[in-house]
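Participant: Residues per chain, in single letters:
2 protein chains.
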Amino acid sequence: MAAIGIDLGGTKVQGVLLDGSEVRRDAKLPTPHGGVAAVVDAIADCVKALGGVPKGGGIGIGVPGAVEADTGEVRRAPNLVGFEERVPLARLVAKATGAGQVRLDNDVNLATLAEHRLGAARHEDEVLGVFVGTGVGGGFVLGGNMRRGVTGAAGELGHMVIEIEGGRRCGCGLAGHVEAYAGRASIEREARRRHAEGEPTLLVELAGDGHMKSSVVARALAAGDAMTIELLDEAVRALGAGIASAVTLLDLSLVVVGGGLPEKLGPLFVGRIEEAVRSRLFLASSPVRVVPAELGDLGGAIGAAQLVT
Amino acid sequence: MAAIGIDLGGTKVQGVLLDGSEVRRDAKLPTPHGGVAAVVDAIADCVKALGGVPKGGGIGIGVPGAVEADTGEVRRAPNLVGFEERVPLARLVAKATGAGQVRLDNDVNLATLAEHRLGAARHEDEVLGVFVGTGVGGGFVLGGNMRRGVTGAAGELGHMVIEIEGGRRCGCGLAGHVEAYAGRASIEREARRRHAEGEPTLLVELAGDGHMKSSVVARALAAGDAMTIELLDEAVRALGAGIASAVTLLDLSLVVVGGGLPEKLGPLFVGRIEEAVRSRLFLASSPVRVVPAELGDLGGAIGAAQLVT
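Taken in order, these protein sequences are the chains called A and B.
According to the numbering used here, the first sequence is numbered sequentially starting from 35.
According to the numbering used here, the second sequence is numbered sequentially starting from 35.
If we strip away everything but chain A, and leave its shape as in the complex, we get (with noise of 0.2 Å):
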């Protein structure tokens, strides 16, 4: 049956029309900084743009924060103007577009999801999904379902301990973090202080003023600037400590690595990724491998399809 997936992201709305394991439409918009009203708007105008809601079909929605999914209610998206409190987006959108039904995961989750059922995990029955965008994300499926936690928020890897005194300072006001080293925020963070301080890179003059985008950091890496290598070492071997913490813990087969950043630099970034891990593995004959995410993009929207399909 045909269904609707949202991916509500902070500068982006991304939807498809997904039927079966097939991609029919997509379409995108950007995500309006008006408030609520103005989201769920967009919402309903990118549903209308990939056809409307499909008869007896419903719609996902990714949101990036902590959701409930029961309710269909955001619990805190901190990165949407308007979603710093509880906001009830499945109710909304189910008015906004006359869908019978409305359903929300966290974004991360609904990533992970769309790998295991229709991309690099679809073997698996466990994976761990890790999202290195503008910070670290995770999300798990253990034994064939996805782990939401005691409060829905499980998957954090990127706030995992990995420095346990005087390191790097994160975006959540801690320190030490995965995160605070590997994701695109903290490494435009570090290069603009360093810059600031008389250092030349790369990253800051093709940034300018505006976002430093993962495909800044991929040209500045490929002409050859030292900083952009210094840095991706130090996110390379963040991350390398955080799965391999997260593999020993739990035993894990499978791993998965997607978005902005690795998939602008490529698979060899992934193949550092996986040999970090490996060098920091308790169980030096663990099977687990750590591979690239295969459904770029729309793999949010796809998995935000599957929970109404």
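Among the hints, erroneous ones may be present.
To be verified - Here are the computed distance ranges between Cβ atoms for each label pair:
hint: 1; chain 1: A; residue 1: Pro301; chain 2: B; residue 2: Ser319; range: 35 to 45 Å
hint: 2; chain 1: A; residue 1: Lys82; chain 2: B; residue 2: Arg202; range: 36 to 46 Å
hint: 3; chain 1: B; residue 1: Arg223; chain 2: A; residue 2: Arg312; range: 25 to 35 Å
hint: 4; chain 1: A; residue 1: Ser319; chain 2: B; residue 2: Arg125; range: 22 to 32 Å
hint: 5; chain 1: B; residue 1: Asp267; chain 2: A; residue 2: His67; range: 42 to 52 Å
hint: 6; chain 1: B; residue 1: Ser319; chain 2: A; residue 2: Leu302; range: 51 to 61 Å
hint: 7; chain 1: A; residue 1: Gly232; chain 2: B; residue 2: Arg110; range: 29 to 39 Å
Said to hold, decoys possible - Chain B is faced by these chain A residues, among others (derived, beta-carbon under 7 Å):
hint: 8; residue: Thr45
hint: 9; residue: Glu56
hint: 10; residue: Val184
hint: 11; residue: Met194
hint: 12; residue: Ile196
hint: 13; residue: Ile198
hint: 14; residue: Gly200
hint: 15; residue: Ala275
hint: 16; residue: Ala280
hint: 17; residue: Leu284
hint: 18; residue: Leu317
Calculated from the structure, these hints are not laboratory results.
Backbone N, C-alpha and C define an ideal beta-carbon position, used for all residues, glycine too.
Starting from the structure of chain A, add chain B where the hints point.
Facilitator: Structure of chain B alone, referenced to chain A:
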């Protein structure tokens, strides 16, 4: 139905006769270091001391190493002489005792299972058990089920990375792991190293040439020994970081801390670990609690008995 549980440790064979939730008898023997046959004999002696295999009942055995629960084989238990390679322990014990059913599992998994069924986690669906003895082991019950992992080695919290560079050497050969700071053996290693360099400490004075037992650490702490205070501060910090990472990754509600060191140091030590965990949690509102184990020394054997009840 009554059953026998054996906790086969590196220094002692601890047995219980469990009837429902009641320990009817318990018995303890030193672990022989003469190879597999001697260990099997010691287990059989322990079973005799408990009154023999109960009619219709079986024997469960906890092993300090990697086991194959299905086949009843020990894959590797480096702290037991003769168990460096695969041993069909269940079959050997069945033959030696005449028991109809003999099952194995990892000792830390079983101690966690016992806390889940009868101890500090008996009202919970999920628990992370952390046991601090010679090393640091861990076990999970997730969604009511023991988490074993793809090779049966899940729960190695002691080998999570908490110091990404220049961390203290761990017993496993890698560096910067939780166990490198928090296990009794690593505390002993560090104390003897510093003592050899001329730094006085009650730890070495009290232990002499013998094992630096957990009770020695407790006595040195009670006497206000400066190095003991420092090393235990580091242990608390390391356990806090590792457990916080596990809680953040899995969104857990309960952590039970047991083992020789927490038992000798008492609930204040576990309280300090809880504080250290809380200070490092990404989700400040997490409902997680960190509490002392309730079943003490007999926990592993009780969990083992539950394998066959």
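Participant: Can Met194/A be said to touch chain B, with a Cβ gap under 7 Å?
Facilitator: Status holds, d = 4 Å.
Participant: Determine whether the Cβ-Cβ distance between Asp267/B and His67/A falls within the hinted range of 42 to 52 Å.
Facilitator: holds (46 Å)
Participant: Identify whether the interface hint at Thr45/A stands, where standing means a beta carbon of chain B within less than 7 Å of its own.
Facilitator: Thr45/A check fails; min Cβ-Cβ to chain B is 23 Å, beyond 7 Å.
Participant: Please check whether Leu284/A passes as an interface residue: C-beta within 7 Å of a C-beta belonging to chain B.
Facilitator: holds (5 Å)
Participant: Is the gap between the beta carbons of Gly232/A and Arg110/B within 29 to 39 Å?
Facilitator: Roughly 54 Å apart at Cβ, these two residues miss the hinted range, so it is violated.
Participant: With respect to the beta-carbon atoms only, verify the hint that Ser319/B and Leu302/A lie 51 to 61 Å apart.
Facilitator: violated (39 Å)
Participant: Should the hint that Ile198/A touches chain B count as held when the rule is a Cβ pair under 7 Å?
Facilitator: Holds: closest Cβ of chain B sits about 5 Å from Ile198/A, inside 7 Å.
Participant: How about Gly200/A: closest beta carbon in chain B under 7 Å, or not?
Facilitator: Given a least distance of 10 Å, the restraint on Gly200/A is violated.
Participant: Grab the minimum C-beta distance from Leu317/A to chain B and call the hint holds if it beats 7 Å, violated otherwise.
Facilitator: With a closest approach of 5 Å, the Leu317/A hint holds.
Participant: If you check the beta carbons of Arg223/B and Arg312/A, does the distance land in 25 to 35 Å?
Facilitator: With a Cβ separation near 26 Å, Arg223/B and Arg312/A satisfy 25 to 35 Å, so the hint holds.
Participant: Restraint: Ala280/A near chain B, CB-CB cut 7 Å. Satisfied or not?
Facilitator: holds (6 Å)
Participant: Just to be sure I understand the hint, the distance between the Cβ atoms of Lys82/A and Arg202/B should be within 36 to 46 Å; is that true here?
Facilitator: violated (59 Å)
Of the numbered hints listed earlier, those contradicted by the structure are 2, 6, 7, 8, 9 and 14.
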